[in-house]
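Q: Sequence:
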Amino acid sequence: MNIYVSNLGYNVQDEDLKSFFTAYGEVSSAKVINDKFTGKSRGFGFVEMPDDAAAKKAISELDGGDVDGRPLKVTEARPKEQSSGNGYKKSW
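Counting from 1, one number per residue, gives the positions in the sequence shown under the UniProt record's numbering.
Quick caveat, the hints were computed from the structure, so don't treat them as lab data. Certain hints may be false.
Here are the simulated lysine-lysine pairs, BS3-like style, with alpha carbons at most 25 Å apart [unchecked claim]: (1) Lys18 / Lys36; (2) Lys80 / Lys36; (3) Lys73 / Lys18; (4) Lys80 / Lys56; (5) Lys56 / Lys40; (6) Lys80 / Lys40; (7) Lys73 / Lys31; (8) Lys57 / Lys73; (9) Lys18 / Lys57; (10) Lys18 / Lys40; (11) Lys18 / Lys80; (12) Lys57 / Lys31; (13) Lys31 / Lys56; (14) Lys80 / Lys31; (15) Lys36 / Lys57; (16) Lys36 / Lys73; (17) Lys40 / Lys73; (18) Lys80 / Lys57; (19) Lys18 / Lys56.
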């Protein structure tokens, strides 16, 4: 299951994000998204866990949890919407 994590502190790195979830089960990957121009964290990331039950437990227990004084928002990631290529979302 792919998990979306937001409201991360700007000093959180990939390994930190992974460590938040390893207590709940195997983590396939953890990636904090960085700004492509500045290289600084954008404050959100994604975690992939192969076991859906472990992922759901992690989501329920970590959502709203405090990390560095910031309440995490943890949800199941939604697939990215496809665009038509012209900057507008498809509406059909």
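Q: Out of the numbered hints, which ones does the structure contradict?
A: Numbers 5, 15 - these are the hints that the structure violates, sorted from lowest upward.
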